[in-house]
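Could you put together the complete structure from these sequences and hints?
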Amino acid sequence: MNDQRFDRTLQLVGQVYVMPDYYEVGREKIRELSRALQNDHPAHHREDAAAELGYGGLVAPATFVSVVGSVALDYLFSYILVEYEITAVLQTEQKFVIHRPPVPGDRLVSALTLQSIRQAAGADIMVVENHVTADGEDVVTSTTTFITKTDAEVDPAAVALVDAVLPAGVPRVGPTARPVPSRT
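Here our numbering is used: the sequence shown runs in plain steps of one and ends on residue 533.
FYI, nobody ran anything at the bench for these hints, they're computed from the structure.
All values derive from a computational prediction rather than experimental measurement.
Take these hints with a grain of salt, some might be off.
[As the list claims (entries may be wrong)] The calculated lysine to any residue pairs, modelled on SDA-like cross-linking and capped at a C-alpha distance of 25 angstroms, are: (1) K444 - E396; (2) K498 - R357; (3) K444 - P505; (4) K444 - A411.
[To be verified] What follows is a set of in silico ranges between Cβ atoms, one per label pair, in the way DEER data are often shown: (5) A460 - V431: 13 to 21 angstroms; (6) L439 - E381: 22 to 30 angstroms; (7) F355 - E396: 17 to 25 angstroms; (8) G403 - V365: 30 to 38 angstroms; (9) H394 - Q364: 34 to 42 angstroms; (10) E432 - R384: 34 to 42 angstroms; (11) Y404 - P505: 42 to 50 angstroms; (12) L359 - F445: 24 to 32 angstroms.
Every residue, glycine too, gets a C-beta built ideally from N, C-alpha and C.
Have a look at this one:
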């Protein structure tokens, strides 16, 4: 087992890391995701249907939080849990508490907390909380368990595969992010 890596990661338990940027929810992104999921609930597609439920705009489906979650996951392993390669990490469990659905105009901010880490059977097992808010109001809280072999070798082909299946349009925030061209 890699005890030094474990000990360094153990020092991160309980610390809160607020992502440096927000994800702004867009009306058309809600419609696009709803179509892709074949979720035809009217409140995801028509503002009048959402208004009947008391919302001022479209209502994102519950799975919309996965868009924000994928950005947070990339941030987590690029800037916080840097000693772990994301391609050697397996998500084993995830729980969501949805406080309210995301709506257009929400600027979703993720606050990540490593809740615990332990070793078992040659693996590091970590529990991470992602608390997502909009203007200080709770939107969703997810708790995810990850497991990684402490002596895992990373296959470059696996890295390419992970990159290939990341959701389209979700920017990587890690070291592999591509620069945005200047408008000049």
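Hints and how they fare:
1. K444 - E396: violated (29 angstroms)
2. K498 - R357: Within the cut-off at roughly 16 angstroms; holds.
3. K444 - P505: Between K444 and P505 the Cα gap is close to 30 angstroms, so the pair fails against 25 angstroms, i.e. violated.
4. K444 - A411: holds (12 angstroms)
5. A460 - V431: 13 to 21 angstroms: holds (18 angstroms)
6. L439 - E381: 22 to 30 angstroms: holds (29 angstroms)
7. F355 - E396: 17 to 25 angstroms: Because 50 angstroms falls outside the window, the suggested range is violated.
8. G403 - V365: 30 to 38 angstroms: Given about 32 angstroms between the Cβ atoms, the range holds.
9. H394 - Q364: 34 to 42 angstroms: This hint holds: roughly 40 angstroms between Cβ atoms.
10. E432 - R384: 34 to 42 angstroms: holds (39 angstroms)
11. Y404 - P505: 42 to 50 angstroms: Because 46 angstroms falls inside the window, the suggested range holds.
12. L359 - F445: 24 to 32 angstroms: holds (26 angstroms)
Hints 1, 3, 7 from the earlier list are contradicted by this structure; the remaining hints agree with it.
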